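Protein chains: 2
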Amino acid sequence: MDNLELIKSLSQPTSTKIILLVLDGLGGLPDPGTGKTELETARTPNLDGLARGGTTGLIDIVGPGITPGSSAGHLSLFGYDPLRYNIGRGALEAVGIDFDLEPGDIAARGNFCSADSDGLITDRRAGRIDTGECRRLCGLLDGMTINNTVLFVRPVREHRFILVMRGEGLKPDIGDSDPQREGVPPREVNAIEPEAEFTAETVRGFIGRAKESLAGNHPANMLLLRGFSTRPDFPAMTDVYRLRPAAIATYPMYRGLARLVGMEILETGSGIEDEFETLRKNYSGYDFFFIHIKGTDSAGEDGDFERKVRVIEDLDRIMPELMHNRPDVLVVTGDHSTPAVLKGHSWHPVPVLLCSKWCRPDGAIEFGETACSSGGLGRFHATSIMSLAMAHSQKLNKFGA
Amino acid sequence: MDNLELIKSLSQPTSTKIILLVLDGLGGLPDPGTGKTELETARTPNLDGLARGGTTGLIDIVGPGITPGSSAGHLSLFGYDPLRYNIGRGALEAVGIDFDLEPGDIAARGNFCSADSDGLITDRRAGRIDTGECRRLCGLLDGMTINNTVLFVRPVREHRFILVMRGEGLKPDIGDSDPQREGVPPREVNAIEPEAEFTAETVRGFIGRAKESLAGNHPANMLLLRGFSTRPDFPAMTDVYRLRPAAIATYPMYRGLARLVGMEILETGSGIEDEFETLRKNYSGYDFFFIHIKGTDSAGEDGDFERKVRVIEDLDRIMPELMHNRPDVLVVTGDHSTPAVLKGHSWHPVPVLLCSKWCRPDGAIEFGETACSSGGLGRFHATSIMSLAMAHSQKLNKFGA
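Chains as they are written, first to last, in this note's numbering: chain S, 329 to 729; chain B, 329 to 729.
If you're looking for bench data, these hints aren't it; they were derived computationally from the structure.
Just so you know, not all the hints are guaranteed correct.
The list makes no distinction among identical chains, and a pair is therefore deemed to hold if it is satisfied within one copy or across any two copies.
Said to hold, decoys possible - Capping the alpha-carbon separation at 20 Å, the derived lysine-lysine pairs in PhoX-like fashion look like this:
id : residue 1 : residue 2
1  : Lys671    : Lys685
2  : Lys609    : Lys345
3  : Lys726    : Lys622
4  : Lys364    : Lys685
5  : Lys671    : Lys499
6  : Lys685    : Lys336
7  : Lys726    : Lys336
8  : Lys539    : Lys336
9  : Lys622    : Lys671
10 : Lys726    : Lys671
11 : Lys345    : Lys364
Quick caveat: nothing in here was measured; it's all calculated off a predicted structure.
Pulled out of the complex, with its shape left as it was, chain S reads as follows (with noise of 0.2 Å):
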């Protein structure tokens, strides 16, 4: 039995309330002068005396040794494990820009590029127009009707946009457009399943029209498309874990991730203490809550060690007002690792930190790398986090007699 129909069949509704805390990309590797991760350098008092009277552990989000992207991480701690739970990357790059995909929606990653009188590709990139141009393209060739079919164009950024097709009898069976290279034509978009015909032929002719319409814009004379896919069919959390769900997301793509799997998306604004105000207003109406920080991952990215530890005493300095809405659990993690050092996503396990009156306290006295490593809930993998609140917060019934 997969672990959400485990979960499933376990579930009940209960009015305790949980709050899920994703400082993204928090796991870290130590400053080489200190000895001390970002999280370990940074003075969190809030979250130390969390660990007190907590309980921490370390997770492995896919598996060891293997450094997850973005939507993996995420899909792990909501209990989707990601090795089975995939999105295509047209669909991906859809959810990525928040766009509220629809079953049976077929969405491709789309490219503004140059070609010649000939109809050979000179850039695949248009030059890399900027995203200003993009939308302006875009609202060029958004919402025609082909086939009864209505076609989205939206732009992402520079030359990328996203082109979703929202009808009857639509499959994603069909090749790619985009050669992935210059100096030759773009491909005829073809039915790789039979079914997929008419899909095909829609697109021909969505192609067909962008061509005219784009004809005087050069570079951007032209567009190429990959990655045809549906919206994935996840269950729901409303129905896995009989949750009230809402997200708390200031980047689209986090917000589009939990879409995916049911959770209601809640306006917020840019910062921490926004999203944290957000929550303090509907903390009524849901009994869970996905809280995603952006800051950690961004500054482990460009390599700034300080400003990651900056991000993370901004949340602990806050940590009260979270707490003041007193959750029956509260779990603190990130859905990858991001040391500065690395300068990228990699495969180090992430501490976990999960505060409920029922927790088995350790030892822990602050929260850390370190300190996670020997801490009570062990080592785990991220698809057991949504268990261990579902648990902590009484919502999951004995299994077996």
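Guided by the hints, dock chain B onto chain S, whose structure is given.
Just chain B now, kept in the frame of chain S:
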């Protein structure tokens, strides 16, 4: 997805180098007098220094409570789940004498035995003839061609030998001739599956001719065969990990296992110094080295606590020669425990030490079972050793977007 498939989808060749140093049967149990294991008793300043700079843990080779054989132990360390990747008994015996099995070959274990004038077996082991006599008898039988099939007969030890058949259309699905008891004649070798009839007929032909050759050689005047099996078709490490892997081992069994997973076998001498010298000479030609040290296991099997301690100390003394190569990742571990007090393999988890500049350090200040049990790698399955080594040498791409 199988772990090997996952790793294969993520691995990339780089210039970094990994050394996997296996001390056979490394794990131990305490001497009742001192409360310290063999590894904890040994004076190991170099390994302790590596533990201080690196990270440690404990590995389960098959699973908690399961005592592994040597082949299961090594396959697990190489990343091949021993519950899934099997080696037939005949193939294992061939591997054990370093016989270079080719795909399609069929191998069997053989015994020289004694038979009376009625053809009834009077001694299944032919009075345990010595290995020299075994070699002479194998020489009488080696190299026949029957049904266009070449038959190799090679000595193992005492009355034991291997038969390997090489030709077209051979199948391993044939029954044993060995009845596993005395006072009865050997069984006729029959096909278990119809397509193995040709193979069975070839074996019957061999047995007929062998009987004639052995007729005057009492007590070894007959032979018994069992465990017909093919060379296992394991994914190659070159393909899964995209490594150029080399093996340095003084015992044929470990060279044979390394060959089965696609390692190149380097000629070496009989001592640890010889093995380290082989490493030094070949260091530029490969990016993965498996070095096998047998003495720890042999001493444990003999119940010789002190000798096992000495082998570990001898190894420790020359560790600087190995570290002089400056590997990007060094893993020191064992393929199972062989506690001297048990005089045999055991199920106890095995200490592991991983050194790399990308380690997250733990508090370990020495390399020993107790220190490892609170090490930063935690307790994990041996099949993750290679994933961790690959990650720490930055040979694995990110999983998912």
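Violated hints, by number in ascending order, as checked against the structure: 5, 6, 8 and 11
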